[in-house]
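Colleague: Count along the sequence shown from 1, add 8, and you get the number used in our numbering.
Any given hint could be a false lead.
Stated by the list, open to error - Below are the DSS-like pairs computed for lysine-lysine, each with C-alpha atoms no more than 25 Å apart in a straight line:
(1) K44 x K214
(2) K210 x K231
(3) K99 x K126
(4) K42 x K210
(5) K99 x K231
(6) K12 x K42
(7) K214 x K169
(8) K152 x K169
(9) K99 x K177
(10) K214 x K229
(11) K42 x K99
(12) K44 x K169
(13) K126 x K177
Claimed, not checked - Simulated DEER-style distance windows between Cβ atoms:
(14) D222 x D34: 32 to 38 Å
(15) A97 x M220: 41 to 47 Å
(16) E216 x S87: 16 to 22 Å
(17) S87 x S178: 27 to 33 Å
(18) L155 x G43: 22 to 28 Å
(19) K221 x I106: 27 to 33 Å
(20) L155 x P22: 37 to 43 Å
(21) Y218 x T102: 26 to 32 Å
(22) N125 x I173: 48 to 54 Å
(23) A179 x F55: 36 to 42 Å
(24) P22 x F224: 29 to 35 Å
Because the hints were derived from the structure by calculation, they are not lab data. Please read these numbers as outputs of a predicted model, since none were measured by experiment. Quick reminder that beta carbons are idealized off the backbone N, C-alpha and C, glycines included.
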Amino acid sequence: MSDKIVNFPLIGTPAPEFSAQTTQGDINFPADFKGKWVILFSHPADFTPVCTTEFMTFASMHEEFRALNTELIGLSIDSIHSHLAWLQAIKGYTWNGIEKPSVEFPLIADIKMDVANKYGMLQGESDTSAVRAVFFIDPEGVVKTILYYPASMGRNFNEIKRILIGLQKSAAEGVALPANWHPGDDVIVPPPGTCGAIRERKELVKNEDYDMKDWFLTFKKDK
């Protein structure tokens with residue numbers, strides 16, 4: 009595995025296209041999801057403990073993501089029958105305040121590893137199991153953020169939701185987000201690019217909604 013070149017999408021580039029069988033029927037990606045944000049994520053295998061806690065958590069948050077115009081799509085290198093059996097088993101579990109969740113989002117069966125290879129989900133840990141990859145894809149089918157976790161580490165779902173909200177805010181308002189930003193915190197106004205724009209910025213920040221630390225660093229209240 010160490011000599012294998014792993015290819016994966018780059019931030020700011022179109023998400024690789026694919027057609028796949030899923031637990032919710034066949035999908036064509038990203039065409040079927042145009043106009044929506046998508047979180048595409050992989051997990052190492054069905055019927056494994058960390059993956060089970062993650063799917064229970066995603067299922068419990070599914071409506072929260074839908075409210076943010078976002079669809080979830082899972083993937084592992086397992087058969088459709090394995091997926092269906094595992095998701096049925098999950099319906100009987102209770103953990104961490106999540107009681108008998110139903111997984112309603114599609115889970116891709118990727119036995120031939122076609123999608124996993126397009127998205128760089130197979131890395132140094134295994135030749136046959138995907139790492140915990142997360143791709144945030146915007147309504148135009150462009151990759152906006154990529155996360156990779158090892159098999160032993162469950163994902164932080166508060167962080168996944170924070171990233172999604174931040175990406176949507178940045179896209180909608182043309183702002184940047186400072187370190188440790190959370191919804192409701194001040195945002196950063198892009199720095200001016202000319203001397204004239206600096207003068208305009210100094211006039212703008214007389215408004216109490218702004219806080220200019222320096223000509224290139226200006227915060228704005230998030231309303």
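Colleague: Check the hint pairing K42 with K210 against an upper bound of 25 Å on the C-alpha distance.
Modeller: The given pair, whose Cα atoms are some 40 Å apart, is violated under the 25 Å limit.
Colleague: So the hint says 41 to 47 Å: do the beta-carbon atoms of A97 and M220 match that?
Modeller: About 56 Å separates the Cβ atoms of A97 and M220, which means 41 to 47 Å is violated.
Colleague: If I claimed the Cβ atoms of L155 and P22 lie 37 to 43 Å apart, would that claim hold in this structure?
Modeller: 19 Å, violated
Colleague: Hint says 36 to 42 Å; check whether the CB-CB distance for A179 and F55 agrees.
Modeller: Once the Cβ atoms are compared, 38 Å apart, the range 36 to 42 Å for F55 and A179 holds.
Colleague: Could you grab the alpha-carbon distance between K99 and K231 and see if it respects the 25 Å cut-off?
Modeller: 40 Å, violated
Colleague: N125 and I173, beta-carbon distance inside 48 to 54 Å?
Modeller: About 31 Å separates the Cβ atoms of N125 and I173, which means 48 to 54 Å is violated.
Colleague: For K210 and K231, compute the direct alpha-carbon distance and say whether it is at most 25 Å.
Modeller: Holds, because 21 Å separates the two Cα atoms, which is no more than 25 Å.
Colleague: So the hint says 27 to 33 Å: do the beta-carbon atoms of K221 and I106 match that?
Modeller: The hinted range 27 to 33 Å is violated for K221 and I106, with Cβ atoms some 42 Å apart.
Colleague: Mind checking the alpha carbons of K99 and K177 for me, to see if they're no more than 25 Å apart?
Modeller: 34 Å, violated
Colleague: Go ahead and decide if the range 22 to 28 Å is satisfied by the Cβ distance of L155 to G43.
Modeller: 23 Å, holds
Colleague: Holds or violated: K126 and K177, Cα atoms, limit 25 Å.
Modeller: 28 Å, violated
Colleague: Assuming the hint says 16 to 22 Å, is it satisfied by the Cβ distance from E216 to S87 or not?
Modeller: 60 Å, violated
Comparing the model with each numbered hint stated earlier shows that hints 1, 3, 4, 5, 6, 7, 9, 11, 13, 14, 15, 16, 17, 19, 20, 21, 22 do not hold.
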